[in-house]
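The working numbering runs 4 ahead of the 1-based position in the sequence shown.
If you're looking for bench data, these hints aren't it; they were derived computationally from the structure. Careful: at least some of the hints might be erroneous.
As the list claims (entries may be wrong) - Okay, derived cross-link-like pairs now, EDC-like style, lysine to aspartate or glutamate, Cα gap no bigger than 16 Å in a straight line:
{"id": "1", "residue 1": "K286", "residue 2": "E276"}
{"id": "2", "residue 1": "K286", "residue 2": "E275"}
{"id": "3", "residue 1": "K399", "residue 2": "D241"}
{"id": "4", "residue 1": "K94", "residue 2": "D394"}
{"id": "5", "residue 1": "K452", "residue 2": "E329"}
{"id": "6", "residue 1": "K204", "residue 2": "E298"}
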Amino acid sequence: MSETTAPTQAGDRPELKRVMGPGLLLLFVVGDILGTGVYALTGKVAGEVGGAVWLPFLCAFIVALLTATSYLELVTKYPRAGGAAVYTHKAFGIHFLTFLLTFAVMCSGLTSASSASKAFSTNFAAAVGIDKDRGSVLMIVALAFMALIALVNLRGVGESVKANVVLTLIELTGLLIVIAIGVWAIAGGDGDTSRLTEFKTPNGDSPFGAVTAATALAFFAMVGFEDSVNMAEETKDPVRIFPKIMLIGLSITGVIYVLVAISAITLVSPEELNEGNAPLLKVISAGAPGFPLELFAWITMFAVANSALINMLMASRLLYGMSHEKVLPGPLGRVLRKRRTPWVAILFTTLLAFFLIGYADLTALGGTTAFLLLCVFAIVNVAVLVLRRDKVEHKHFHAPTLLPVLGVVLCVYLASPLSGRATQDYKIAGWLMLVGIGLWALTWLLNKYVFKRHADFDPSHLDPSGPVN
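Build the full structure now, drawing on both the sequences and the hints.
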């Protein structure tokens with residue numbers, strides 16, 4: 005999330021520099037999707053469905069593709085930085101609904117970053133030779149990692165296109181290594197391809213139930229494409245190139261995920277793959293015993309660290325923005341005088357992340373992230389249909405009506421208990437949203453009964469440094 009220090013006045017909105025062509029936009033889309041999901045949750049998905057672990061990733065790709073067409077219609081219709089909150093407010097005009105959606109997006113960033121912290125600690129243990137069975141040590145490493153992310157966040161980190169290219173190439177390299185090892189093993193007759201059609205159906209569940217439960221978790225690996233709409237104002241000719249590039253980027257990551265899943269399950273059994281939070285390390289060890297595991301562990305750490313930092317940046321900036329919109333307490337908008345970073349929002353989100361790391365395991369955190377974003381995507385799919393009544397003069401991408409309708413149905417289904425989603429996902433999401441509603445209610449009461457009695461009091465004065473856009 006880019007950060008500027010010059011304030012802007014309402015109605016005097018500066019235009020961003022359009023620097024991203026098709027190539028850079030493609031790397032941004034691919035890099036935003038790759039990360040913690042496939043590196044850490046492949047084993048957990050295998051634990052849900054068995055050997056057919058590739059199928060949930062394929063299903064998750066299809067659901068993401070349906071929702072992507074809705075985002076494409078909206079971003080080409082309104083080619084400005086914004087995202088789901090802007091589209092929702094334009095469609096429904098309900099401030100509280102917009103707040104709930106924005107806070108859900110913020111919470112998804114926290115759960116995603118917390119899952120990345122747990123994956124980081126497991127891979128750190130593998131890289132430096134710490135016994136992975138020492139849970140207290142792993143917890144300390146995960147908390148220390150999150151604290152380090154907070155310090156970097158406080159110092160001020162702007163997202164640059166060049167940095168994204170480097171990070172994407174490193175993340176992609178790690179996954180291509182897994183695929184190459186899998187292809188080599190299968191070609192040499194070492195992999196067990198018979199597992200690819202085996203389904204794990206615990207408690208008498210049908211294969212369909214196992215796949216939907218696994219897809220509800222695997223969807224975590226496909227999120228990220230929606231962030232690219234915020235780059236609309238920095239993209240050259242977004243109306244023309246966005247549809248093609250987003251669909252290509254989604255397809256590339258979908259193919260990579262399916263190939264990684266196939267490589268993993270042919271080399272490692274579902275039961276073994278499901279143990280721990282570093283499944284791809286086991287794949288490397290089984291398929292290429294001579295490959296330096298420490299190197300791959302560092303690649304994985306780099307990938308999940310990037311995911312954690314971007315998500316914590318997003319979460320703190322969203323919280324900061326909501327405080328300046330006067331829908332959350334004003335102190336959350338305070339910034340450091342020199343660094344101009346939202347220090348209260350950063351500390352608040354970091355404390356919530358600490359709680360999540362200590363309270364939930366990797367599967368629950370990944371599942372909660374997927375659940376929250378499935379709810380957001382369902383609303384976006386409805387919003388695109390509602391906004392069909394709003395005509396614009398320029399040509400734009402038009403999603404066939406059936407696609408957003410299917411997107412709504414599938415997103416709601418995967419978010420519901422019918423999909424086999426774990427109860428823990430609802431508990432974590434519920435507590436997080438209660439925190440948000442509580443803060444919103446507190447702000448509403450203050451605005452109505454305190455600030456109204458002091459007509460000369462400006463809530464923005466709660467931030468002594470003034471607002472930063």
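Right, here's what the structure says about each hint:
no.: 1; hint: K286 x E276; in the structure: holds, 8 Å
no.: 2; hint: K286 x E275; in the structure: holds, 12 Å
no.: 3; hint: K399 x D241; in the structure: holds, 12 Å
no.: 4; hint: K94 x D394; in the structure: holds, 10 Å
no.: 5; hint: K452 x E329; in the structure: holds, 15 Å
no.: 6; hint: K204 x E298; in the structure: violated, 32 Å
The earlier numbered hint that this structure contradicts is number 6, and it is the only one.
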